[in-house]
Structure formats: structure tokens, C-alpha cells
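Number of protein chains: 2
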Amino acid sequence: MAKFPITKRNEIKRLPKRAKYEKSTIYAIIDEALYCHVGFVEGDQPYVIPTMHARMGDNIILHGSKASRLIRHVQAGNEICIAITLLDGLVLARSAFHHSMNYRSVVIFGRGHAVEKDEEKRAALEALMEHMMPGRWQDIRKPNPMELNATGVVSIPIENASAKIRTGPPIDDEQDEALPIWAGVLPMYHVTSSPQPDPKLGSAVPIPEYILQTKRWIQL
Amino acid sequence: MAKFPITKRNEIKRLPKRAKYEKSTIYAIIDEALYCHVGFVEGDQPYVIPTMHARMGDNIILHGSKASRLIRHVQAGNEICIAITLLDGLVLARSAFHHSMNYRSVVIFGRGHAVEKDEEKRAALEALMEHMMPGRWQDIRKPNPMELNATGVVSIPIENASAKIRTGPPIDDEQDEALPIWAGVLPMYHVTSSPQPDPKLGSAVPIPEYILQTKRWIQL
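Top to bottom, those sequences are chains Z and V.
For the first sequence, the working numbering assigns the number 1 to the initial residue and increments by one for each residue that follows.
For the second sequence, the working numbering assigns the number 1 to the initial residue and increments by one for each residue that follows.
Keep in mind that a hint or two might mislead.
The list makes no distinction among identical chains, and a pair is therefore deemed to hold if it is satisfied within one copy or across any two copies.
Derived SDA-like pairs (lysine to any residue); straight-line CA-CA distance at most 25 angstroms [what the hints assert, rightly or not]: (1) Lys23 - Thr51; (2) Lys164 - Val191; (3) Lys117 - Glu130; (4) Lys20 - Glu174; (5) Lys200 - Asp176; (6) Lys200 - Gln213; (7) Lys164 - Met52; (8) Lys23 - Arg141; (9) Lys17 - Ala28; (10) Lys3 - Tyr35; (11) Lys66 - Glu119; (12) Lys20 - Pro208; (13) Lys3 - Pro143; (14) Lys8 - Tyr210; (15) Lys142 - Gly168; (16) Lys8 - Asp44; (17) Lys164 - Gln138; (18) Lys17 - Pro143; (19) Lys20 - Leu34; (20) Lys200 - Tyr21; (21) Lys20 - Pro206.
Hints were generated in silico from the structure; no laboratory data involved.
Sequences and hints are given; from them, build the entire structure.
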């Protein structure tokens with residue numbers, strides 16, 4: 001199984017049993033999350049900005065206005081760090097100390113570059129759209145040359161990454177287990193329901209099957 | 001209404017109509033989110049790490065192992081950036097270009113310090129617990145001296161911050177509005193359901209009322 005090398009940068013030192021370096025594990029988390037947080041440095045100042053992402057092979061794709069601080073910074077080739085976090089549950093232990101969360105998180109390191117060619121840009125925008133809503137790209141009006149030109153697209157080869165995952169019930173100290181305190185996990189779901197049609201939408205346009213089929217619908 | 005000053009660091013230049021600088025708006029987002037992403041710099045390398053947070057007045061509280069990179073870095077007084085993002089919906093437009101997300105996000109700038117006194121540390125841990133699950137602190141076994149000593153707690157006065165908020169339907173170009181393409185918002189909810197009791201929990205311990213009352217239960 002392909003793994004990322006463990007280096008000073010991506011090594012998980014706290015609770016190493018939660019650490020994962022397999023590409024397949026890391027890529028599944030990237031693909032499930034709807035957005036990421038991008039960290040970069042200007043001067044000595046760290047910035048963290050949330051944005052949509054998609055993965056194309058071993059690269060992360062981001063987009064935005066060409067004039068945005070984030071896009072300009074990434075396409076200049078500076079070091080960035082991308083964090084992606086899925087919260088799966090609140091872990092309620094009998095002791096304050098052992099409270100936790102169940103989560104799947106990824107941290108990615110790399111340096112990006114601008115995607116310049118129209119054809120590659122279109123492919124990247126398709127990947128972003130299909131990441132957000134599989135099936136959507138074929139249904140919509142594609143970017144025209146003016147829109148394509150106004151959009152900055154960057155690609156970041158994933159140089160190195162690691163995942164951290166916690167699952168399962170709380171782990172209390174043995175001497176606390178008999179305390180009469182409720183303990184367990186409240187599972188968290190990030191779901192959608194009850195689509196809100198655009199007020200300007202004609203009544204003759206039904207909600208497409210690919211939207212109804214998305215796994216993000218609530219099915220508890 | 002109290003506002004954060006607009007500076008080079010926190011000014012939102014892209015889509016400024018989405019920008020908010022009011023404390024009340026910013027603090028409501030901080031208080032609703034269950035976790036944040038903390039950005040910091042080591043050497044020239046940016047890092048972004050997800051973690052739980054709480055707000056005490058004008059300060060953000062974080063905690064972790066005393067030995068963790070994040071806690072050591074924050075308590076050394078380095079510049080950090082904290083991003084908090086709530087995803088409220090997928091905005092599906094008729095054109096690729098106008099797809100978006102509805103969200104409420106906050107970016108916070110500041111420098112932290114260690115919370116050292118046991119009494120202040122306990123108050124900060126209580127704030128973290130009550131942020132995660134209101135009503136929980138009074139119910140559980142409090143930290144003992146050994147646990148308190150092993151836990152690093154930091155406080156970051158909020159020097160400056162801004163929020164960015166998008167709501168509402170997609171905004172397509174007028175000439176696209178008649179296209180026979182479904183457009184609208186898929187609202188996103190981060191909810192809990194079906195608590196999973198710890199397998200070691202005795203059957204005589206019911207799920208407490210404050211958990212059943214939490215607003216994070218699904219009510220669609």
C-alpha cells in the first residue's frame with residue numbers, strides 16, 4: 001500500500017496510534033470533505049482561509065478570483081499547508097479528561113502553481129464541480145472565455161501528508177467505569193435535506209436525479 | 001455595536017459585501033462551531049491543526065497535551081491565526097461560474113499565553129466542556145491534580161477578527177435565468193442522532209436531559 005514518508009513535517013507525535021500515512025486513507029478523507037482550510041505565511045503572519053477543493057490524482061485543486069490573496073500566494077509557489085477535517089462524533093466520557101471527538105483529519109504539505117491553459121483549467125473546474133456535486137457538470141452552462149479568464153486555478157502536488165483518525169467509544173480510567181455518569185458517543189452527520197429551489201426557477205424544472213442520489217442526503 | 005477595526009490583516013477585499021466586523025456576529029459563529037483550525041509558522045513552514053475551542057469573553061481557549069507542538073507554540077506567544085467555518089449550504093447555479101456555498105466563517109488574529117494557575121485552568125476546561133456540551137461539566141468527574149498538570153491550556157486574546165457570510169439563493173446572470181437547469185440551495189446541517197452508549201455503561205444510567213435538549217439534535 002502506498003504511504004507518504006514520515007518526516008519531521010508530517011509526523012504525528014501526539015497519540016501516534018491515531019496516525020495514518022496510507023495514501024488510500026488520506027485520499028478518501030480529502031474526497032469526502034466539501035471544503036478545506038489553507039494555511040500560508042505572509043511576512044511572519046500566518047493566515048488560514050477556508051475554500052472548496054478537489055483532488056486530481058496526487059494534486060489538490062483550488063480556485064478563486066485571480067486577484068484573491070490566496071490564489072496569488074499559492075501560484076507564487078510558496079509553501080502552504082492544507083487541513084481537512086471531518087467531525088464524526090462527540091465523545092462523552094465519565095471524566096472531563098477523557099472527553100474527546102471522533103474525527104478524520106488530514107494535513108497536506110506542498111507548493112502550488114497556476115493552471116494556465118484553458119483546457120487544463122476547464123478540467124480542474126469540472127473536478128471542483130464534480131467534487132461538490134457529482135453529475136452536475138454535464139447539466140450546467142460551462143464557463144465562457146470571460147469567466148474562465150477571471151478565475152484563478154491552482155494545483156498543489158501533494159508533497160507530503162498525514163491523517164489522524166479517532167473512532168469508537170470513550171476510554172475512561174478503569175476506576176471511573178462504575179461511576180453513575182452517562183458515557184458514549186453522539187455521532188455527528190453533515191447532511192442535506194429539503195432543497196430550496198431558486199425563487200426564479202420555473203416550475204417546469206424538476207430536481208435532477210443526480211442531486212436526489214447524492215450520498216449527502218439525510219438517511220439516519 | 002462593537003466592531004473590530006479594519007486593518008490590512010483582517011480586511012476582506014474579495015466580495016466585501018459578505019464581510020462583517022461586528023463582535024456580536026463574529027462571536028456567535030465562534031460559539032456555534034465545535035472546532036477550529038489554528039494556523040502557525042515554524043521556520044518558514046505554515047501549519048494548520050484542527051482542535052476544540054471555547055470563547056471566554058474576548059479570549060479563545062485551546063487545550064491539549066503540554067508536550068504538543070500546537071500548545072508549545074501558542075504559549076510561546078507566537079502570532080497565530082484561527083479560522084472557524086460553518087458550512088450552511090451548497091449553492092447550485094445554472095452556470096458553473098456562479099456555483100458557491102452558503103457559509104459563515106471567521107478569521108481571528110492574536111498571540112496566546114499559557115493559563116498556569118490551577119483555578120484559571122479549571123475554569124478554562126469548564127468553558128471548553130460547556131462549549132462542546134452545555135450542562136456536561138456539573139455531571140462528570142472533574143480533573144484531578146495529575147490530569148490538570150498534564151493538560152496544557154492557552155488563552156488567545158482576540159486582537160482582531162473578521163467574518164464572511166454568504167446566504168441566499170444562487171445569483172445567475174440574467175440571460176441564464178431561463179435556462180432549463182435546476183438551481184437552488186441544498187442546505188447543510190451538522191447534526192447528531194442516535195446516541196451510542198459506551199458498551200461498558202451500566203443499563204441503569206439514562207441519557208441525561210441536557211444531552212437530549214442540545215440544539216444539535218436533528219429536527220428537520
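Checklist entry - Against the structure shown, which of the earlier numbered hints fail to hold, in ascending order? => result 4, 8, 12, 13, 14, 17, 20 and 21
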